[in-house]
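**Student:** With the sequences and hints as input, model every part of the structure.
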Amino acid sequence: TQLLEQSPQFLSIQEGENLTVYCNSSSVFSSLQWYRQEPGEGPVLLVTVVTGGEVKKLKRLTFQFGDARKDSSLHITAAQPGDTGLYLCAGAPLNRDDKIIFGKGTRLHILP
Amino acid sequence: DAGITQSPRYKITETGRQVTLMCHQTWSHSYMFWYRQDLGHGLRLIYYSAAADITDKGEVPDGYVVSRSKTENFPLTLESATRSQTSVYFCASSWTVGETQYFGPGTRLLVL
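Taken in order, these protein sequences are the chains called A and B. Going by our numbering, the letters in the first sequence line up with residues 1 to 112, in that order. Going by our numbering, the letters in the second sequence line up with residues 1 to 112, in that order.
Careful, some of the hints might be misleading.
[Unchecked claim] Across the chosen pairs, the derived CB separations fall in these ranges:
#1 B:Thr96 - A:Glu41: 35 to 43 angstroms
#2 B:Asp38 - A:Thr20: 21 to 29 angstroms
#3 A:Glu15 - B:Glu79: 34 to 42 angstroms
#4 A:Arg96 - B:Ile12: 17 to 25 angstroms
#5 A:Asp98 - B:Glu72: 20 to 28 angstroms
#6 B:Lys70 - A:Leu94: 29 to 37 angstroms
#7 A:Asp97 - B:Asp53: 16 to 24 angstroms
#8 B:Ala51 - A:Asn95: 12 to 20 angstroms
#9 B:Asp38 - A:Ser27: 39 to 47 angstroms
#10 B:Asp38 - A:Pro112: 23 to 31 angstroms
[Claimed, not checked] Okay, derived cross-link-like pairs now, SDA-like style, lysine to any residue, Cα gap no bigger than 20 angstroms in a straight line:
#11 B:Lys57 - A:Asp98
#12 A:Lys99 - B:Pro61
#13 A:Lys99 - B:Leu112
#14 B:Lys57 - A:Asp97
#15 A:Lys70 - A:Pro39
#16 A:Lys99 - A:Val55
#17 A:Lys99 - B:Thr71
Calculated from the structure, these hints are not laboratory results. Remember, it's a predicted structure, so these values are computed and weren't measured experimentally. We treat Cβ as the ideally placed atom computed from N, Cα and C, and that holds for glycine.
**Tutor:** Below, the structure is given as structure tokens:
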């Protein structure tokens with residue numbers, strides 16, 4: 001069974017600080033997706049990384065896919081209260097007939 | 001409006017009652033999914049559907065029934081609600097099984 005482990009589970013930091021959250025697996029994925037879920041809403045896709053070693057930037061958010069396509073990280077620079085939410089990673093298995101697998105998420109709280 | 005909608009957004013019911021949660025999408029996505037989200041467990045897949053009249057069990061199907069007579073609708077029925085089914089339920093859709101999933105806003109269900 002493929003699993004995605006996200007760490008930390010919870011993170012509370014002050015506005016303006018930098019942070020990194022991780023998504024790790026022992027399995028190789030064809031791509032990895034990052035979603036953000038705000039309170040009372042459903043998850044929304046932020047980015048998909050496809051190539052090993054790929055780095056994508058979305059304003060203050062930087063996403064990296066590991067060289068071996070088993071792990072990924074999300075780095076936020078100068079966190080703002082609007083970044084508060086649950087960050088979920090999801091891996092697409094190599095077998096195109098298999099469903100994507102979600103990690104349990106990192107719950108991020110940015111204190112003003 | 002285009003997108004994926006869920007109804008009701010909030011529901012309170014009693015143990016033993018039948019409850020149906022509705023999900024409607026306007027993209028003509030082939031795949032539709034039902035998840036429940038609970039603290040400590042993340043998103044858990046209940047059922048999914050690859051097309052009209054094709055459904056399959058996910059990780060936690062017991063106590064739930066689904067149907068998909070039309071591509072755009074994917075209702076989830078709790079045949080005899082139990083307190084353990086108190087949760088937030090999300091419907092999602094996608095073009096293929098391994099691609100980005102688009103989530104509805106969720107239904108918060110409380111079973112007394």
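**Student:** For each hint, tell me whether it holds in the structure or not.
**Tutor:** Now the hints, each set against the structure:
no. : hint                                   : in the structure
1   : B:Thr96 - A:Glu41: 35 to 43 angstroms  : 24 angstroms, violated
2   : B:Asp38 - A:Thr20: 21 to 29 angstroms  : 26 angstroms, holds
3   : A:Glu15 - B:Glu79: 34 to 42 angstroms  : 47 angstroms, violated
4   : A:Arg96 - B:Ile12: 17 to 25 angstroms  : 41 angstroms, violated
5   : A:Asp98 - B:Glu72: 20 to 28 angstroms  : 25 angstroms, holds
6   : B:Lys70 - A:Leu94: 29 to 37 angstroms  : 32 angstroms, holds
7   : A:Asp97 - B:Asp53: 16 to 24 angstroms  : 19 angstroms, holds
8   : B:Ala51 - A:Asn95: 12 to 20 angstroms  : 19 angstroms, holds
9   : B:Asp38 - A:Ser27: 39 to 47 angstroms  : 24 angstroms, violated
10  : B:Asp38 - A:Pro112: 23 to 31 angstroms : 29 angstroms, holds
11  : B:Lys57 - A:Asp98                      : 13 angstroms, holds
12  : A:Lys99 - B:Pro61                      : 16 angstroms, holds
13  : A:Lys99 - B:Leu112                     : 33 angstroms, violated
14  : B:Lys57 - A:Asp97                      : 15 angstroms, holds
15  : A:Lys70 - A:Pro39                      : 29 angstroms, violated
16  : A:Lys99 - A:Val55                      : 24 angstroms, violated
17  : A:Lys99 - B:Thr71                      : 19 angstroms, holds
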